[in-house]
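Each of the two chains sits in its own frame; use the hints to bring them together as a complex.
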Amino acid sequence: MWFSSVYLKTLRDFRVPILGWGLGLGFLMTAVFAAVPALLATPAARASIVALGPSFAWFADPIKIDTPGGYATWKYGLTVLVVALWPILAQSAMLRGEEERGTMDVLLSLPRGRFRVVIEKVAAMWSALVLMAVLVGLLAFAGARKSNVDISLVATIAYGLNLALISAVFGAIALLLAQFTSERRAAAGWTAGLLLVFVVLDMVHRVVPNTLWVSRLSPVYYFNLSKPLVPGYGFDAGAMVLLLGLSIVLSGIAVWLFVRRDIGGVVLTRRERPAVRAALPAGDWSLRSVYLRGLAMVAMPTVWWTLGIAGFAAWMVIVVKQTEAQLKSLLQGSALGGDILKAGGGDVATNTTILSLLFVFLPLMLMAFAVTQANRWAADEEDGRLEIVLSTPQSRLGVLLGRFAALTTATVTISVLTLATTSVASSITGIALDGGNLVAATLSMIPLGLLVAAIGYLLSGWLSAAVDTGLISFLLLIWFFISFLGPGLSWPDASLRLSAFYYYGAPLLHGVQPADLAVIVVAAAVALALGSYRFVRKDIAV
Amino acid sequence: MTAPIIEIDKLTKSYGGRRGIVDVSLQIREGEVFGFLGPNGAGKTTTIRILMALLRADRGAARVAGLDSWQKSVDIKRLIGYVPGEPSLDPNLTGGQLLEYFAHLRGGVDQSYLKQLIERLELDPGRKFRHYSTGNKRKVVLIQAFMHRPRVLILDEPTSGLDPLNQQEFDGMVREARDDGRTVFLSSHVLSEVEKTCTRVGIIRDGRLVRVGGVAELKDIKRYEITIHFAQPVPIETFAQLEGVAGVEKLANGSAVRLAMQGSADAVIKAAARYPVVSLTSYEPSLEDVFLRFYESDGKAPQEVAGVV
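Residue numbers (my numbering), protein chains in the order written: chain A, 1 to 542; chain B, 1 to 309.
So that you can see chain B by itself, here it is in the shape it has in the complex (with noise of 0.2 Å):
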């Protein structure tokens, strides 16, 4: 296993009388594409923003290659490919001129791939930043994270105001940055992006991390929904006290039932062939209806997930 390259511990931020994060403890492995995952306010940009010197830690360390994020943040920016999440530049420069300035601020990147990547995002460069589109805004801001080849990209809600094509270009990169053996931290609302591009996930909720785990993991934990239609009438209770059934409701006067499932269906199957069956289908939530789910307990994750990490 490749040592950490991004290490929080216990990381605890707030604004004043408001809570921004509590004790986030979280490692990130080299080459992992990691998805930072929570609702608005939850705590995501907080922690970028400090992993980022952008914002001082109340207590707890964020360090990026062994090097503590704010005491070495100059070290630590070199190595670092940073897109924000509500990006604002000179509206004054054209895209080029500000790919440029970035560009020399980092010491120069090759030209070569800066204009590869340009072409990629179709970028028209000659533009006023102020004449952009939202997604033109975010290609700029994109490109300039991407350019250096950076070892580690942090990217706050990187595919907000792209279009579907773009974002398909998008995840692409992320792909290649992976194959590479560089280590993409992103936090997004598109559950279907982190679940096509990343490998573990962490759900961060009120400011504290509430899960961290692999991409197929959660889908291990997620509930699943199995619907049966019978030629008759059945006994609801024959199903209810089923190993594996988490919930059972009723349907069509009784004669279909559907199940919500957590773990095996081999007793269902086996209860439900004891009737005549005409039909039974099964529905596999996304990472989307997992995430739903995950925020829809008032105040508490559910028992069975904060048990799995």
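Next comes chain A alone, as it looks inside the complex (with noise of 0.2 Å):
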């Protein structure tokens, strides 16, 4: 049955997908709504968390922020948007993925027109969102009903379909860009750049005012504009109706430009650069070592991630100064800011320890990053671009431990320049941080995200690229909550201690800690020789 049909296939293609985020999203919010009842149990706490909301409206709107669901929909109001990551990598690879493989070719050899080839195939992915949205809402309220929180099943499905509508848009925005660029990795990379613009477009006018037709520019300010799980605010329909309008012409858009290009072409050729025959030797350094070619590889990915994270950093310091005040009554008269700062690891004397809480966010980033590195390298080694490196006369080891090499210089580069934009910004705004500690705080991200890569290096000695990258990122989403929910649904040391964020720890605060620093530098180690001693050993690309 699911090979009748190019639709069926696809839609087969993505059962994993619809599942893992399905279920991922679904929980996620399950843990919320049994994590919240005991947050805003008290009065107390219930108006500390009202008075907190305004000073963090630049995150998300603030509204009914002392029930469940309004808290669930102000503390992961940006957080979700990262679902439509996958709408993004699987639009983007949907046609041009094909095209790089061959695929294409062969599928349009077929007797189906081009239209309804790439119809199907829009079919399958938006299927899969609703499919993900309905098993999103299914939990949620199961969650809800569970945890005794007042929300209706229309509700839930509504907040899952408002989901699915803000993946489709991103997912055709993809779909579009792949039309213009000759690799998915490009769509993808320009598409996940326009979800960071348009979170932050969104952003602006609970920042800045009179500054309301900045953010209707974002898609995400449409999305924001439900919120089917704050009591008695529902969903706007208008925004939802113009989700889907966007999604469909823009992908309409994609498909009118894919039947009438070039297979494997894109829409706006660029004139080549006439041959260059005496141009060898080329001299260029990238192309003197693996590790300098790996150097080369990771260079554009570290600029972006750089500014992301470094971005993130700075950005943080003035927040923090601006809300200064605030946030220090907050925090001392309420219930739920001894748990902030319990997770924060400090008291409010200072602007620091807020500013700790906010920088565990940064080697979640970085960690993000090693995420993306260490699927490159199973990329690589799956699709035999390997094969003739190693049929040079370099050893095995010295390729992986070069690509390794220079997967370290870039999260040393990224932690370093942090640091130093952190410093510059801290200055400029007056807040005083230790400088050992700021330096703590920024390159002892560093181990963790070389042992995310270490990690995902290991597993791709017997993992595809797809499920070694599916599983790391997994576990990065189950470290996160086990440090982020576990202290707040009261957990004991031991399940904390799963979690590689436990060992970060507060170092804003704290300064190093070497006994933790050293469990990650190990951990990091053993998963790295361990991930060599398979390599050396294994068929590649097999």
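For the record, the hints were derived by calculation from the structure and aren't laboratory data. Remember, it's a predicted structure, so these values are computed and weren't measured experimentally. All C-beta atoms, glycine included, are put in the ideal place defined by N, C-alpha and C. One or more hints might be untrue.
If we take Cβ atoms under 8 Å as the criterion, some of the chain B residues that face chain A in the derived model are [what the hints assert, rightly or not]:
1. Y15
2. R18
3. V22
4. M52
5. R56
6. Y82
7. P84
8. D90
9. E100
10. L105
11. R149
12. Y224
Just some of the chain B residues that point at chain A, by a computed CB distance under 8 Å [claimed, not checked]:
13. Y101
14. R130
15. V210
This is how it looks when you write it as structure tokens:
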């Protein structure tokens, strides 16, 4: 049955993401509903969180955040947008990926028109998103019922559908951009960048007065107009229709372009440079060794991730300075404040405590970067791109360590530039940060990034690139949940220690904890050693 | 006789439960051009990838220049130029950049020879790999295999995707390598190419090496056909029992016969001379025909072929 049409075959290809994202987000909402009643148990706690809301309005609209639905919508208002990453990856690969692999030629040799093929594929993506939305809605509803949270099934399903709509919009953008790029990776990268830009545009009106018109340029703004989980707020049908219309129009343009262009070609072809036969040797620094080649490969991603991570760190410093007074009074006077401080690792004597809490996102981002680079290593091996390299007199261990060293250089660069940016931001804003602790907070991210990369390298010894990436992403998600929901759910210390974030601790407050740092360094070294042991013995590209 | 530079001894490899190769044994002498023939999935690429230490054999040994292909892979790769069956390279680098990268990894190559190869195969090194046609991608891979003048060339279907002119150029490059005393081990489906360039041939089927011999030897054991047209019908039985006749087919209502021959045609000629002969034609099959016949019997090599090694 699953191979009787392009639609069904594509839907079958999406079965793991449907289940993975659907179950992941569904259980996230279930966990939030389980944790929130304890956080909002007392009138004082509810009052403090209501007071805290406006200070973090830049992050998400604080509406009825003293209710479970309002709190979940506020706290995960932006976080849930990670779900858009899957359609971005899937739709950038939907046509362009098949063209790169050459499978599109075979598909289009069948007695089916291009239009029908692409329409069936797009329909499969939308069906997958709807299925995912329903799964999220059902699990969120079940979680709410289990925790005695009063939210209707219609509300949770509408929440899921709103997520599906914004995901469809970004998927459609990826599909459209893939008509202009010769590689799926480029289309995915540009769309992910646009996602970030649109998130920031949506934030603007909540931070800067009279800028609503700017935010209205962002699809994320229309996503945020619907808040079905917030009691009495409901969803904005007009905004949802607009998101649907936008994804239809963008997909329609992509389809229109696809049926008219060359397979394997791009819509706007750049004129090729004339041949440079005399240009050998090219004398390019990056061609001198596996390490330098690895460095060149990771250079551009490093620039973008540095902008993201260092920019986020600097922005946090500025935001904390702006909200200094409100945060101090709020955190000192509430039970919730106590929990937050526990997670942040200190008291409210200085802004450092708040920054310490926010800085936990930095290693998370660096680890996400490591995931992408571990994926690249696994994909290079899987696609046979290491075959000729390994036919030269380079040892397998040398090739693996060369690439890992390049990745290490990139993570060190990101961390050092984050340190520099944060130092500049703190001196400009006047926030006093302990220099040594700031160094610890930024540089102790490095072992965490390397741990994730080493685990990715290790797993690639047995698993395909896709499964490897999925597993380490899942591991990252699990660690995040353990560290951020575990304390709220009063999990034992032994459980909290299962997360790598536990060992990062609160270095902005307490500096480097050598024992904890050693745990991560040793774990990373063991994973890399095992990964190397496996790689030098395994069959390549099998 | 020169010493073998490639020695494969009872090499066995399986992929989980799937058969790869079974007890493959082979010796290739230095300076030989050896053709490795077999249908898709027969085990050619598996054998080659074990030699290149990209796969690890379950049993048996493979040696190049007396060095174990797995234990001493780095030393061996100094001697080898390799063309993989399905080349995949960084799509964002130009052909020139890729060649320079591999040249660096090999510790440097003679730039004038590299440029000579680029000119010879008419490669435009300024284009990105992803913009190359299949044939041009193959040229990049061929050049990187030849550019350091390796002592041994291991080439997995090297001319796949090349146009006839470039195939001719490739034949010339292989001949020059042979004349320089270098060894070439190539797998191919293009039998005319093997026939032209190789001195010996091995045939692998279902993971087992079923035949190794000189190209001329293979032709010796091949069948050939004689078709004789007579002025009148002749009794077919006259030819059926003759020495060297493997099969008889009656044509044109009995006034012509087609004989499948194996060995000398002397008896047939003498028998035919008893009747008025209009014409006699002999058809000598190409290596391709030999190859196809070799695989036409389901599961078994024909006895007369299996017996001649």
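Return the status of the interface hint for Y82 of chain B: holds when the least beta-carbon distance to chain A is below 8 Å, violated otherwise.
This hint holds: Y82 of chain B lies near chain A, its Cβ roughly 4 Å from the closest one there, short of 8 Å.
For the restraint on E100 of chain B, tell me whether the closest CB of chain A is nearer than 8 Å.
Holds: closest Cβ of chain A sits about 5 Å from E100 of chain B, inside 8 Å.
Restraint outcome when R18 of chain B is required to lie within 8 Å of chain A by C-beta distance:
violated (10 Å)
Min Cβ distance, V210 of chain B to chain A: is it shorter than 8 Å?
Result: violated, 25 Å to nearest chain A Cβ.
Taking 8 Å as the limit, does the beta-carbon of M52 of chain B come near enough to a beta-carbon in chain A?
Result: holds, 6 Å to nearest chain A Cβ.
Classify the hint on Y101 of chain B as holds or violated, based on whether any CB of chain A lies nearer than 8 Å to its CB.
Holds, because the Cβ-Cβ distance from Y101 of chain B to chain A comes to roughly 4 Å (cut-off 8 Å).
Can the hint on R149 of chain B be confirmed by a CB-to-CB distance to chain A that is less than 8 Å?
Because about 14 Å separates R149 of chain B from the closest Cβ in chain A, which is outside the 8 Å limit, the hint is violated.
Close enough to count: is the Cβ of V22 of chain B nearer than 8 Å to one in chain A?
Check failed: Cβ of V22 of chain B comes no nearer than 17 Å to chain A, outside 8 Å.
Does the closest beta carbon of chain A sit nearer than 8 Å to the beta carbon of Y15 of chain B?
The hint holds - Y15 of chain B has a Cβ within 8 Å of chain A, the shortest such distance being about 6 Å.
With chain A as the partner, please determine if R130 of chain B meets the hint condition of a C-beta pair closer than 8 Å.
Since the shortest Cβ distance to chain A is 6 Å, the answer is holds.
Return the status of the interface hint for D90 of chain B: holds when the least beta-carbon distance to chain A is below 8 Å, violated otherwise.
Holds, because the Cβ-Cβ distance from D90 of chain B to chain A comes to roughly 6 Å (cut-off 8 Å).
Given Y224 of chain B as an interface hint, is the shortest Cβ-Cβ distance to chain A below 8 Å?
violated (40 Å)
Hint check: violations occur at hints 2, 3, 11, 12, 15; the rest are consistent with the structure.
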